[in-house]
Amino acid sequence: MTGWLLFAAAFLACTVEAVEATTVVVAVGVTRGWKSPLRGMATALGVLAVIIVALGPAISSIPLGPLRLIVGALLLVFGLGWVRKAVLRASGFKDLHDEDAIYLKQVAAAKAAGTEVGAGRLGGDPYGFTLAFKSVLLEGLEVAFIVVTFGANAHDIPVAALAAALAIAVVVLVAVKVRGPLSRVPENTIKYAVGILLTSFGTFWGAEGAGAHWPGSDASLLAIIPLTALVTFALVAFLRSSRQGLASTGEVAA
Amino acid sequence: MRTVLTQTEAFGRFLWKFIVGDDITLAIGVVLGLVAVAILHSSGTASWWALPIAWIIALSVSLRRSTHKTSARSKRDQRK
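Top to bottom, those sequences are chains A and B. So in our numbering the end of the first sequence lands on 462, straight run, no missing numbers. So in our numbering the end of the second sequence lands on 812, straight run, no missing numbers.
Worth double-checking, as some hints may not be accurate.
Claimed, not checked - Covered by chain A, according to a simulated footprint, are these stretches of chain B (three or more residues, beta-carbon under 8 Å):
| no. | region |
| --- | --- |
| 1 | 755–764 |
| 2 | 787–793 |
Stated by the list, open to error - 30 Å max Cα-Cα, derived BS3-like pairs, lysine-lysine:
| no. | chain 1 | residue 1 | chain 2 | residue 2 |
| --- | --- | --- | --- | --- |
| 3 | A | Lys385 | B | Lys801 |
| 4 | B | Lys749 | A | Lys399 |
| 5 | A | Lys243 | B | Lys749 |
| 6 | A | Lys243 | B | Lys801 |
| 7 | B | Lys801 | A | Lys399 |
Simulated from the structure, these hints should not be mistaken for lab results. Here a beta-carbon is modelled for each residue, glycine too, at the ideal position from N, C-alpha and C.
Work the whole structure out from these sequences, hints included.
This is the structure in structure tokens:
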């Protein structure tokens, strides 16, 4: 592999991984506030730096499968919870603004448990912190793997590392640019979209962690995300029509 | 000792709520889906489709339960 070819391959591969991690951080930041996801991201980058320094090239021996399985399963459960609420809201079975009350209840429960791993230490929102932390750590490890494997194959790890750093910088710059416009989108719409994204990434990573090979590899996300959205739209349409039926017979308020 | 137990219990409740959320159906669906993927993969069959199918079923069941609860509550309120 020539230097330019190595640079292009590593840059593209790392861009995909960086986009995946940044999407989760931006999505959580826009919906739940930026403080906790940014702390989660910074903590993950710190842990990642320690792992890279401690293991060096031996990093490629870390089993990624179990990590993908755990991160994917948790993202999928969280994402489905968001989608469930969003579908209930969009179909009129749930009030639009009850999320804050539920969140405050969770924080109160965390405080009652002593704030060892609860709100205070994680910067206010353990949910936002955990989602950002897991995604950045997983994708960060994948970027490190790409640098080590591509770089070692071409006997030029510095070029692969430079490509990875540039890919991350470009993706972060784009994320900073889209952050403003995203914050002007209505809250419930954003929450719906985040639920779809978390469910899609959770489906992708979870199935990969359990051994599945997606057709088209990472490109399959381009099909998973719209298909997830379509399924939820169909569920909203079905629930809306059944709610209208119930309202006409007086079983729920119109 | 009692304080430690209370705190552990409260933390357990928080963790349960944090991971499982409002309805355990979704978590069960995800676990069953992942098990199905692993079984299909080990038998050499394409397995990527099993997880989406599992969560679509789990989400549909969870929504059905939730909407039934809402209409049942509405009926009770009307009787009062």
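Status of each hint after checking the structure:
1. 755–764: holds (count 6)
2. 787–793: holds (count 5)
3. Lys385/A to Lys801/B: 43 Å, violated
4. Lys749/B to Lys399/A: 19 Å, holds
5. Lys243/A to Lys749/B: 22 Å, holds
6. Lys243/A to Lys801/B: 36 Å, violated
7. Lys801/B to Lys399/A: At roughly 23 Å apart (the allowed maximum being 30 Å), Lys399/A and Lys801/B satisfy the hint.
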